Amino acid sequence: MWKAGAADPKPSMEPSSIKVRIAEFKVAPAPALLKSYGLGSCVGVTLYDPQLRIGGLAHILLPAWAKGKAAPAGHEAAPPKNPLKYADLALEAMRHDLLEQGCAGERLEAKIAGGANMFSFLFTEPAAGAKAGIGDRNVRAVRDKLKRMGIPLRAEDVGGDQGRTLELDTSTGALHVTTSRGDSRVL
Amino acid sequence: MTLGKGSIMEQLREAHLDALQEICNIGMGHAATALSQLIGQTVNLKVPKVTLANLDQVPDIIGGAEQVVVGIYMRVYGDVRGNILLIFPRESAQNLNALLTGQPGSSDLILSEMHASALKEVGNILAGAYLSAMGSLLDLSLIPSVPSLAFDMAGAIVDYILAELGQESDVTLVVETEFFGRGTLIRGHFFLLPDPNSLKLILEASRVESRRG
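Quick note, the sequences are listed as chains A and B, same order. Heads up: the first sequence begins at 1 in our numbering, then just goes up one per residue. Heads up: the second sequence begins at 1 in our numbering, then just goes up one per residue.
The set of hints was computed from the structure by calculation and includes no laboratory data. Model, not experiment: these values are computed from the prediction.
Across the chosen pairs, the derived CB separations fall in these ranges: (1) Ala98/B - Lys81/A: 41 to 47 Å; (2) Glu92/A - Asp60/B: 25 to 31 Å; (3) Asn54/B - His96/A: 20 to 26 Å; (4) Lys147/A - Gln37/B: 53 to 59 Å; (5) Thr51/B - Gly160/A: 30 to 36 Å; (6) Val146/B - Leu99/A: 44 to 50 Å.
The beta carbon of each residue, even a glycine, is placed where N, CA and C say it ideally should be.
I would like the entire structure built from these sequences, with the hints used as guidance.
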């Protein structure tokens, strides 16, 4: 069993609301609210262990990290300076953190929201043809990575043309999604 | 700042920023003149501030990720490629709309077709003036695309651009400026986000020696 204080290296007062910025993830036991504001093409991913009531929220900027692309010709790519902006690396790091806190890998459940296309039409490079928007690619990369990690995807609210603010309640695992138009739903 | 490592953005130094600042002053000056002509009254401009910011700070620079803003996005084509993003806080966009259309902007979260189109035109004119000033200064051909507009949370509006940049770098160039017209404050943020290779070209054209460490 997870014991109070064991997972939190800072014995200070537990913040009720924790902000998760771009290319960052935060993990917290109940009771806590993990919040990410204004996601457009970014994707927010929550991983939650309902038994221990510990959850994490990752704010992902980019699809999977492409090893070869980053390196100049003839050089081996160094690991990216900020791995947490990439879907695959952020999810691995967040799961690692959750497992360290005592969560069981097979209990983890995922929810995702975001991946919008904010501008009604975006300009694709003529040479590149019609490639999918970054939002779509982020969502696909996240789904793909979750599948490979064997984490079930319980709910999702993705796409569209509106920004979203996310709030994970680690007491229940509920993911609250609100838009600037005031629509809100609970995943 | 680590020298000789990382992307071109990460190698930028004070001297480079000064050169870019100078280019931006001239470009934004032209943009303010163009805006004055559009709205038929003098528009004053605060000297733009050019800064390098970490990608994750950008939503805070423009007032916080959740603040509702108008974003006008244009792609830059020609010798230099990149993105231009103009951000107007909600109130400034409404003030600007009132000046342009003579009708007070609604406080709704949906812009009327006319207001959206007027703001896009502003984007077009500002970007066009800015790019042509910069282009003639540096002897480069710079052409803005048709503008695209979004009215939403600031974080959501910039993250597409951050994603584009994030593939190459963890920092970006931000040009921050304020316009004033007939006592109405119109604050705007102007993001000029050259693709990394294009930034190199701009710096070379501005004769700043891009010394690599």
